[in-house]
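Visitor: Could you put together the complete structure from these sequences and hints?
Read top to bottom, the protein sequences are chains A and B.
In terms of the numbering used here, the first sequence opens at residue -1 and continues consecutively.
In terms of the numbering used here, the second sequence opens at residue 1267 and continues consecutively.
Keep in mind the hints are simulated off the structure, nothing from the lab.
Remember, it's a predicted structure, so these values are computed and weren't measured experimentally.
Ideal placement from N, C-alpha and C gives every residue a C-beta, glycine not left out.
One or more of the hints may lead you astray.
[Stated by the list, open to error] The list that follows gives simulated cross-link-like pairs (lysine-lysine, DSS-like), each with its CA atoms no further than 30 Å apart:
hint, chain 1, residue 1, chain 2, residue 2
1, B, Lys1634, A, Lys134
2, B, Lys1583, A, Lys134
3, A, Lys216, A, Lys44
[As the list claims (entries may be wrong)] Partner residues aside, some chain A positions facing chain B, computed with beta carbon under 10 Å:
hint, residue
4, Gln58
5, Tyr97
6, Phe99
7, Ser159
8, Asn167
9, Arg189
10, Glu215
11, Tyr243
12, Val245
13, Met246
14, Trp249
[To be verified] Incomplete in silico selection of chain A near chain B, CB under 7 Å:
hint, residue
15, Val169
16, Phe244
17, His247
18, Leu250
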Amino acid sequence: MRVVILCSSIYSETSCAMAMRLAQLGYVPTGAITLPSLDLHTVLRKVGQWGVPEVVRYAQTKVISRGRTEAQLRNPYLEQLLQHRTGSFRTLREVAAGYGFPIVTCRDQNAPESIEQIREWSPDLIVFTGGNILRKPLLQVPRLGVINVHLGLLPEIRGMSSPEWSLLNGVPVGVTVHYIDEGIDTGPILRRSEFPEAAQCSSLDDLRNRLIAFGIEKVSEVVTSLDRGTISATPQSELDEDNQYFVMHEWLQAQAERRLNEGHLAAAAVRAHG
Amino acid sequence: MSHSQADSNSDAVLGRAAKALSEAAGLVRGPQRIFPLVRRLAADRLATFEPRHLYSYTTTERATGDSLKLLVRWILDAQRPDGGIAAYYSLLTGYSDSYPEVTGYIVPTLYDFAHVTGDNHAAVAAERATRWLLSLQMPSGAFPAGLHGGDPQPSVFNTGQILQGLVRAYRETNRSEIRDAAVTAGNWLVRMQQSDGSWSGPGTYQGVAHTYYSMVSWALAELSAAVDDEQYGLAAERNLDWVLRHFAPSGWVDGINLRGHPNYLHFIGYVLQGVLQSAILRRREDATRAVAKSAWVLLRRFERDKFLHGAYKPDFKGNRRYACLTGNAQMSCVWLRLFQQTGDLRYLNASLKMNEMLKQLVPARGGKGIVGGVSGSYPAWGAYQPLRYISWGCKFLADALLLEQALTRQFEASACAS
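Guide: Structural data, given as structure tokens:
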């Protein structure tokens, strides 16, 4: 199966780990489309989200220490996935060099030149690991579609800060692998998986990091199943804009973290999807 | 366009130009205001280079309590020797005269602040304001339109807004003269109400009905509860029914109906606040649902665009590149009340973010009239109350912060209890 990866930056650990995992399973990406890493708006957004010290630390880890394998990962649960014979990959460029697939940088993944490049690769499937909100012309290119892993159970928790909203709303923490359509997290569901280790997480960061690693594993399972033709997607019920959640304010994040630390985790039955 | 429309439009343009010139002349009379004006313009020009930069979901360095103190300090500084609160501090002309309408509905904010902080100055200011308001009441029970000092004309809207303050002052002091003034005002409002539930004709702005007069309903619903007289509550519900007929399926609220002005977010906020507060007092779930729909549309816009426009066209189409900060604070109040009513944390989330943004825009330094002020527009040269710090902006932001404090404390307490 021909798989293309979309990512927000060559420094995205999640994108690196996803490419590595797929390659290990025999689905070496046909190519990857990435956005420029040093975009002014992205830098400003990250400064707003993380604060200046964290952005500087990130830049040190990723850019200044480029190529130094001892550089620390933001997500330690991806360390194992990123290891190779002589060390660890730290950028998608390194992964691509290791496995021999091309990377193309574009300003917008929906841009005509990006779509043209993807068409040339003729993918069966696109795995989305970050970037723009995808539009119909791009979504129509791959034979099977574009899949994404959402860090929450759909359709209950759509949108941003899903693990945190799950904790506050008493919804089990989990991930959903789904096709992307033109809405936000509204596409047909391939697999919903409750996360069994939520109670062991020490913080929201820890939970999110573990969920990302868990999600990568679930995507790889879904890709394998799609290749074998043993999985089908289920359209989402409750397709209502009222199910959309937005980035959570720091004060509410603290309340969610308190729930996590106090063990107030929902243990509802997971509906069968895929 | 007819000749009369063309004449009326050119009159409006000339009127605005004359007003702008007259305000600019204020700098000649007060040259000490030039430096603060230039500083504010430069700061806003720099800050709005990246329009989304203020959208924040992290806690700002300024605590909510400190911001509240700044806002109330602005209000206390704006209290004039007669006891009324100025409408605004203009960067061109300084303080305005006392403004009866705003003085009335600032009274509950001052009492709320005094109770939360134990600061007696705010309660004393509320009592002074109430005494001044009582002196303005007309024999009919009405209160006058406009700034103090002009030819007093009875105003339905201002009477309703002042009634808010009188009801609260009566609840705080239990004084019979305040109760009597409130009842007389309420009786006048009921007499002036049309059979369809609206207020139009004499005593109304531009002589026509407006949906933002739902604020008057809120005051009547408060009066009904305070003096235990159902006639005021029924009048409030009649207006509520009339306003609800103007809610479109898109959530848009029609009938703001201000000729010559866009639909500023401030007036949309008025409609929603008035309907929601009346709905809560009168237990009208249909009205709460209608407000929730509109408030949700604006919440999604705010979360998506990181910004609410200063004014909207029907169906919330907006392209105004300035913020109406008062309207933002009012939306924060609406979202907080909806969180209180529904338990939906997304309303709380949006208002926490909105409040963070607004707190950053309250000057912590500067002279009287500037420090603690809320400007009409952001940037300051936006179309809504340009180059002015306005008293009702401080009032609504203080209300939003007080409500945020109360609800977040309740949430923490209930989390601990569970």
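Visitor: Need the list of violated hint numbers for this structure, in ascending order.
Guide: 1, 4, 5, 6, 9, 10, 15
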